[in-house]
Amino acid sequence: MTYQNPAQTGTEGQFEPSERTPVVELQGITKRFPGVLANDDIHLAVEPGEVLCLLGENGAGKSTLMSILSGMQSPDEGAIYVNGEQTVIADPRQALDLGIGMVYQHSTLVPTLSVIENLMLGASEKLILDASEARERLEQLAGMLGAEVDPHARAGDLALGQQQVVEIIKALWKGTTVLILDEPTSMLTPRGIDELAKMIDSLKEHGLAVIFITHKLHEALRMGDGVCVLRQGRVAGRLSADDLRSLDNDQLQERIVSLMFGDESGELAGVAELSAEVRHESGHDPSAAGSGRRQHAETATALRIRGVSLAPVASSHGLHDIDLELYQGEILGVAGVDGNGQRELAEVIAGQRDADTGAIVLHDGATEREVTGLGISSRQRLGLRYLTDERHGEGTVRTMPIGLNLLLKRIGQEPFWKRGAVQNAAIRSYTESVIEAFDVRAPGPDTPIGKLSGGNMQKVLLARELAFEPRVVVYNKPTYGLDVRTTQAVRLRIREQAERGVAALVMSTSLDELLEISDRIAVMSRGRVVGVVENGPGAEERIGEYMVGEVAA
Amino acid sequence: MSDSPDNPSASEPDAGGSGPTQRTATIDRPEGGSAGPSRVRQLLATVTQSLTPMVLAVIAGGILLALMGRDPIEFYGTVVDRAIFSESGRQETIIRMAPLLLIAAGLIVAFRANIWNLGMDGQFLLAVAFTAGVAPMLMPTLPRWLVLTLVLMLGGIIGAAWTVIPALMKAYYGLNEIITTLMMTFIGVNVANVLVKGPFYEEDPGRAFPATPVIEVADRLPRLFDTSIHIGILIGLIGILVVHYLMTRTSIGLRLNILGASPRAAHHAGLGVAKLTLLTFLVSGFLIGLGGSVELLGVQGYMRADWDPALGLLVVPLVFLAKMNGWASIAFVALFAVLANGGELATRDAGLPNDFILFIVALILIFMTVTDYLAVRRGGKGNPWIARFLASVGLRREGRDAE
Ligand SMILES: Nc1ncnc2c1ncn2[C@@H]1O[C@H](COP(=O)(O)OP(=O)(O)OP(=O)(O)O)[C@@H](O)[C@H]1O
Ligand SMILES: [Mg+2]
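Chains as they are written, first to last, in numbering that gives the first Met the number 0: chain D, 0 to 552; chain L, 0 to 402.
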């Protein structure tokens with residue numbers, strides 16, 4: 000067994016002879032896509048009871064590597080060993096039979112089926128036939144996860160955070176020995192992440208191996224027994240359990256970041272995201288980080304949400320009498336567990352959904368304009384933007400090139416269309432400029448957007464909503480799936496725009512994110528705004544109280 | 000480096016090659032194409048994939064002929080001789096293409112938007128009935144060119160009107176249009192008959208069946224040059240090429256393609272899904288109705304009761320094979336017209352019913368589905384439009400690409 004480790008770091012841990020055979024081992028895996036070398040001679044092994052964190056910038060090849068392991072893709076070169084035996088994994092079902100369960104970066108549930116039907120679909124090998132048995136298993140696994148799942152809810156109606164829980168349950172359904180989680184925490188609140196960490200610990204005790212992809216370094220440091228960093232398809236370096244023990248957090252962060260971004264990592268030194276995470280780890284108050292924040296005090300209103308309500312249905316808490324005022328140049332955060340009305344509120348503001356009662360009013364200086372009755376595109380023309388957190392479901396048209404997806408909300412407009420005729424040269428040069436500006440990793444501007452890595456797709460969506468003079472932007476999880484560096488760049492952009500007077504409503508499950516960029520933070524729970532907190536010292540505690548208070552109620 | 004293999008410029012030889020930038024906005028197929036080693040090879044693969052079912056159907060038809068004691072070589076020889084090598088037969092082949100092209104155009108508009116308008120035959124036949132009924136009324140009072148223009152428009156409008164109910168049901172209540180359009184065809188065919196036997200009926204002791212008045216040959220669609228080919232073929236060609244242009248190069252076509260690829264993305268982008276759905280139905284019905292008018296004004300001259308060529312369902316496999324590409328549709332319609340036209344004589348010579356041609360069409364459909372199924376099973380791409388159709392009717396789950 001030879002590890003051709005190109006890394007400059009000492010990674011003795013990986014070379015130690017071990018008595019246990021790895022549950023899975025990848026040797027020399029190479030995968031090419033047209034125009035990209037997604038995986039380049041990758042060696043990787045996990046042992047029972049080990050949690051391996053896979054890190055790397057957007058487009059580094061993490062998801063590709065894991066989808067090879069889970070049978071979704073076949074490698075161009077290299078071998079896979081399961082329990083020491085060389086195996087060809089032809090399809091996901093075979094991977095499941097081998098005990099490899101994967102939770103993908105995006106939902107793979109059938110939206111029209113109920114939760115329980117989705118789960119039973121995954122186990123169609125007649126392992127679990129009757130529904131009552133299935134419900135029991137669901138309860139058992141949900142209990143392990145510390146989550147509540149309605150077995151009869153339609154999967155498509157669930158918030159993405161809840162869908163993720165169902166996905167994890169689905170991956171565990173068949174008695175998995177290796178669990179692969181591709182960015183499982185991107186939709187979870189700090190509490191949810193704690194619970195996931197606990198769950199992973201208990202899985203570990205049961206001897207499961209876990210491969211965990213994340214962009215949040217503190218999670219990697221907290222949950223991982225080993226860390227493997229990919230960069231441009233290659234293993235850039237590894238950190239063994241010993242490394243993780245012997246170095247302190249600052250050193251580790253520095254090490255990982257330099258592995259992730261190579262020479263370019265210098266520019267990241269001391270960025271708020273990293274330091275915030277370190278502080279978070281060591282129990283400091285992260286809210287001290289929001290130094291760039293401004294007070295809304297005397298500025299004018301940009302958007303007013305008045306008494307908006309939406310009747311609850313089986314799968315949604317609805318909205319209850321939401322009153323919010325957003326000032327020009329202000330960033331108003333919305334905290335809360337995913338699925339507590341955030342998407343509904345965003346859709347009501349964007350015009351994708353009609354509220355039962357209430358009004359949405361856009362202000363421009365002295366003039367105010369009620370937009371409640373306007374359609375989606377009219378609101379867009381007035382400068383109202385909405386970044387959806389469903390980049391696959393509604394955010395993009397997977398099969399269409401990046402350029403058209405960038406212009407999805409401006410179809411027919413000059414200079415990209417002239418009298419209805421497409422101006423390909425204009426679209427192309429615009430797309431190229433966006434690819435450049437947002438550092439989108441793609442073989443070319445014509446690449447269908449579905450071929451991009453999750454984070455790169457997110458960059459395209461962000462570019463779409465940030466461009467062309469927005470006035471009020473609703474962001475649902477703006478940095479969802481972005482690597483540390485891009486996350487930082489995006490937060491900077493949001494703040495830059497705020498400085499120019501753009502108002503932003505930022506919904507996020509990451510409290511750190513909200514504390515870093517918001518001026519005020521509203522807390523949503525069960526379709527209500529249960530409180531609005533001025534960001535500053537003590538804000539985190541107060542938000543916590545609001546969230547807990549509601550949960551207890 | 001990242002050509003999509005089926006972009007219009009790849010699957011059609013002369014779509015007005017405006018350089019490489021053309022590729023930016025290619026929106027030809029629901030599955031995004033991945034880059035290939037060579038465009039030529041991609042093109043060849045696409046052509047092979049599309050032609051295979053037709054070739055297989057012809058071979059299977061030949062085997063069946065042999066089993067029935069006919070000479071397949073002779074049979075197909077007659078088909079080709081008649082439909083291509085004889086002057087009058089060649090003209091007849093071209094004449095037959097006109098309504099088929101317009102139906103194909105109408106289907107492409109709808110199918111690209113993921114709207115399965117299968118009510119072509121009702122839309123077509125009602126347009127025929129109205130054309131046959133109204134044209135003779137207007138002829139005596141108005142100049143010929145004006146009557147023809149008006150009646151062509153009328154045919155289109157009738158075709159469009161017959162989609163309104165399924166369109167509203169789909170747009171506002173989400174009702175599956177496959178069922179509603181098929182139902183509307185059932186009703187439409189009968190209404191057309193009632194019209195022919197009622198308001199549009201003309202007594203003629205020389206005819207054994209109820210029918211509309213006959214439009215004088217001189218009053219029908221003008222002929223091209225010295226041939227018997229009427230200008231319907233031009234209308235058909237223009238129709239399908241305009242549709243092709245619209246669907247691949249304009250903002251409205253892009254909207255329809257987005258609606259087809261992802262209604263949720265269309266809604267999110269503010270495209271006005273309900274109105275777009277209505278528009279799609281209307282345009283589709285208009286083109287198909289226009290096809291009906293062209294056929295009546297160009298060839299039939301009158302409509303007799305119970306006449307129903309049921310062309311619509313014949314065109315469906317053709318546009319699937321053509322992958323909703325206008326140029327490829329012209330080619331497949333031409334192939335089909337050869338088969339249908341030559342087959343008429345060949346079946347007569349062989350002492351077989353004319354329905355034998357329908358049988359071959361059915362074979363095309365079967366082979367199309369089977370080869371596609373096999374291609375997908377072997378891990379290949381298959382025809383993305385078939386996949387989309389099967390997904391629409393719930394027979395296949397649309398698989399997502401792994402991230
Ligand atoms: N099906 C595909 N077809 C073509 N290219 C692909 C495909 N899947 C991935 N790629 C490319 O392979 C590279 C690696 O993608 P991958 O999804 O593995 O990245 P990742 O590390 O998971 O990134 P992220 O953190 O953004 O999710 C990217 O450049 C991507 O564009
Ligand atoms: Mg990924």
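These aren't lab readings, by the way, just hints derived from the structure by calculation.
Be aware that one or more of the hints could be misleading.
Stated by the list, open to error - For lysine-lysine, the following DSBU-like pairs were computed, each having C-alpha atoms within a straight-line distance of at most 35 angstroms:
| no. | chain 1 | residue 1 | chain 2 | residue 2 |
| --- | --- | --- | --- | --- |
| 1 | D | K203 | D | K173 |
| 2 | D | K173 | L | K380 |
| 3 | D | K173 | D | K197 |
| 4 | D | K417 | L | K274 |
None of these values were measured; they are calculated from a predicted model.
So, against the hints stated earlier in the document, which numbers end up violated here? none
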